[in-house]
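**Student:** Chains as they are written, first to last, in the numbering used here: chain A, 3 to 294; chain B, 459 to 814.
Please note that the accuracy of each hint is not assured.
Said to hold, decoys possible - Now the stretches of chain B that chain A is said to cover, found in silico as 3 or more residues with beta-carbon under 8 Å:
#, stretch
1, 585 to 595
2, 723 to 730
3, 782 to 794
Claimed, not checked - To give an idea of the interface, some chain B residues facing chain A are shown, with a C-beta separation under 8 Å as derived from the structure:
#, residue
4, Val530
5, Ile579
6, Ala598
7, Phe601
8, Tyr605
9, His609
10, Leu627
11, Ser775
12, Leu776
13, Glu778
14, Phe779
Hint data in this document are derived by calculation from the structure and do not stem from the laboratory.
No residue lacks a Cβ here, since even glycine has one placed at the ideal position from N, Cα and C.
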Amino acid sequence: MEFFLQLLINGLSIGLLYGLSALGFVMIFKASSVLNFAHGQLLAMGAFFFLVLVSWLKIPIVVAFLITLAGSFVLGFAVERIFLRPLIGESLIFVIMLTVGLASMFKGLLLFFFGGNLQTYPDFLPAGLALQIGTIYVPPVYVASSLLGGVFLLLFGLFFKYSPQGIFMRSVADNQTAAMSLGVHVKKVFALSWAIAALVAGMSGIVLGIINGINVHEISSIGLKVFPVVILGGLDSIGGAIIGGIIIGLLETFTSGYISPSLRDVIPYIVLVVILLIKPYGLFGLVEIERV
Amino acid sequence: MRRLHFHPCGNYKERYAEHLCLFETDFGRMWAIIGLIALFGVVPLASSPYLLYVINMTGIAAIAALGLNILVGFTGQISLGHGAFFGVGAYAGAILATRLGLPFWLSVPAAGLVTAGVGMIFGIPSGRLKGLYLTIATLAGQFIIEYILVHWEGLTKGTMGIMLPSASLFGWAVNTDRRFFLVIFACLVGLTLVASNLMRTRYGRAFIAIRDNDRAAEGMGIPIFGYKLLSFAVSSFYAGFAGALWAYYMRSISTEPFNLGLSVEYIAMVIIGGLGSIPGSIFGAVFITGLNEILRFLTDAMMNMSALSGFGLNMASLREFAFGLAIVLFILFEPKGIAELWRIVRSTFRLWPFSY
Chain A
3 MEFFLQLLIN GLSIGLLYGL SALGFVMIFK ASSVLNFAHG QLLAMGAFFF
53 LVLVSWLKIP IVVAFLITLA GSFVLGFAVE RIFLRPLIGE SLIFVIMLTV
103 GLASMFKGLL LFFFGGNLQT YPDFLPAGLA LQIGTIYVPP VYVASSLLGG
153 VFLLLFGLFF KYSPQGIFMR SVADNQTAAM SLGVHVKKVF ALSWAIAALV
203 AGMSGIVLGI INGINVHEIS SIGLKVFPVV ILGGLDSIGG AIIGGIIIGL
253 LETFTSGYIS PSLRDVIPYI VLVVILLIKP YGLFGLVEIE RV
Chain B
459 MRRLHFHPCG NYKERYAEHL CLFETDFGRM WAIIGLIALF GVVPLASSPY
509 LLYVINMTGI AAIAALGLNI LVGFTGQISL GHGAFFGVGA YAGAILATRL
559 GLPFWLSVPA AGLVTAGVGM IFGIPSGRLK GLYLTIATLA GQFIIEYILV
609 HWEGLTKGTM GIMLPSASLF GWAVNTDRRF FLVIFACLVG LTLVASNLMR
659 TRYGRAFIAI RDNDRAAEGM GIPIFGYKLL SFAVSSFYAG FAGALWAYYM
709 RSISTEPFNL GLSVEYIAMV IIGGLGSIPG SIFGAVFITG LNEILRFLTD
759 AMMNMSALSG FGLNMASLRE FAFGLAIVLF ILFEPKGIAE LWRIVRSTFR
809 LWPFSY
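Work out the full structure: start from the sequences and follow the hints.
**Tutor:** Shown next as structure tokens:
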């Protein structure tokens, strides 16, 4: 029973991370229907930017966090402006391959500057954040990341629900042509959604870095884990991303705990194929699959 | 003797057969023959062993890229699992050769057929999915196949890898780079012919119809699912064939090379070469393999210079960067790939000096 509970807690925390990582991905897909294969690298960019600020330049944590968010925002904006805008209206494979090429470029740059070794942030979280539930110990990082994730979810929920920009973004996601004819500046929305997505990715990257340490290869592979998560949750559903993340996280930890640790990395993809075959639009996605 | 065909000054084609012919002019045919003679007569004798090794790798990559172009460029189904299929072919070839003791000439095509079967299994999602959903499904296929290759130890010996017997064709030992060159490029020429002829048959035209508008194709009576599966099968056959050749050439295989990076490399070849173009696949294979070798050469050169050795170590990571940059630049500036550049160059020469 204790083993089960420990797995449950682990799975929930890993799942929450996956969910957080998937948030930015969903945001980009929702606004511009781009499958972003460079998402893992966006996460890594945020994590390393924070590393530079905190460990090398010794900037206070809170300030560094804010600067990282701002930097990621600018990065996302620039990526959309330089690379993706010329491809609006091009066929799917070019857009997909462009993000694949970007992923490879970012990864090369990060490896060039930081190498492939594991790096860690200085320990800055207060130990008082740790939770003790019965016999189970929850380390402070998980509590902090859950809190952070919760706050961001709430903020984005409100942003999408009430702010004009959020409403524009939802309208573009819903029907691009209609939004355009009603005076929504679609290109601006694309740029903004990339910028916000990169911001979220930067935040998730920092959380990942706090928990696992930062390693380019590791974070890139999490960027690919995003796919099972978002397919399970529904490609265009933000809540679905979180729930999908938690389900995939639980599935991974329970598989590695009860069946076989080696199956852990492939089980999400098996689930992915099954879901694609049975319910391709996921748990909360918009049903618009056509069958030809 | 019939009159030689040159480029006409207008479009005088009267029958579909004239549109579908392989060589538009007799000059084209002549150059193709001269090129083939040069390829088989001069290249293996004139190149150094290292260069020959690179050329052989290019040939193998070109076979696999041809297959992927049939699937992506002609049928419009994006697959991120081609590297895994290549691996399946390599393992199928190795297992057929070591366990069943099949000879070289039989085990390579048989590996292609096995891979075609596997490809059809992973093509089944294409019956319900298209576009990005199918892409994600093939991505999952890549990871699942990789997992099976590593963990089905009874069959693949897992991370131990498999050693292959040396290849021989009816008593002729294929054991040097030069002999492998002849085998690989004979296969490449044959498979290129098959591919370009396939695109002239009803099957190829059905593929193109599905790519251009799947609903209209369905409406015109093309059984879409069957043709998509066929396309997956043909494409995987090419990948498997190339993989088995590669396994024989390398003599020992392990699971590492067949990762997502390899799949991405193949897609990059197809895009950089030219989607939906048979020569494009070959151009792409030449470009990517050449780029890899040049970058490796640069890295090594930097490592050897003592002043730059620390920098050279870092250069290794820049290979990834340059690879990504090549993909991005081609997509942004020449999405039709090298095939289009080649066409422009050719027509410039043909029309010179009056380029209109």
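**Student:** So, for every hint listed, does it hold in this structure?
**Tutor:** Against the structure, the hints come out as follows:
1. 585 to 595: Satisfied; 9 residues make the cut.
2. 723 to 730: Result for this restraint: holds, n = 3.
3. 782 to 794: Result for this restraint: holds, n = 8.
4. Val530: 7 Å, holds
5. Ile579: 11 Å, violated
6. Ala598: Given a least distance of 4 Å, the restraint on Ala598 (chain B) holds.
7. Phe601: 4 Å, holds
8. Tyr605: 4 Å, holds
9. His609: Since chain A brings a Cβ to about 6 Å from His609 (chain B), closer than 8 Å, the hint holds.
10. Leu627: 38 Å, violated
11. Ser775: 3 Å, holds
12. Leu776: Result: holds, 6 Å to nearest chain A Cβ.
13. Glu778: Holds: closest Cβ of chain A sits about 4 Å from Glu778 (chain B), inside 8 Å.
14. Phe779: 3 Å, holds
Checked against the numbered hints above, the structure breaks hints 5, 10 and satisfies the rest.
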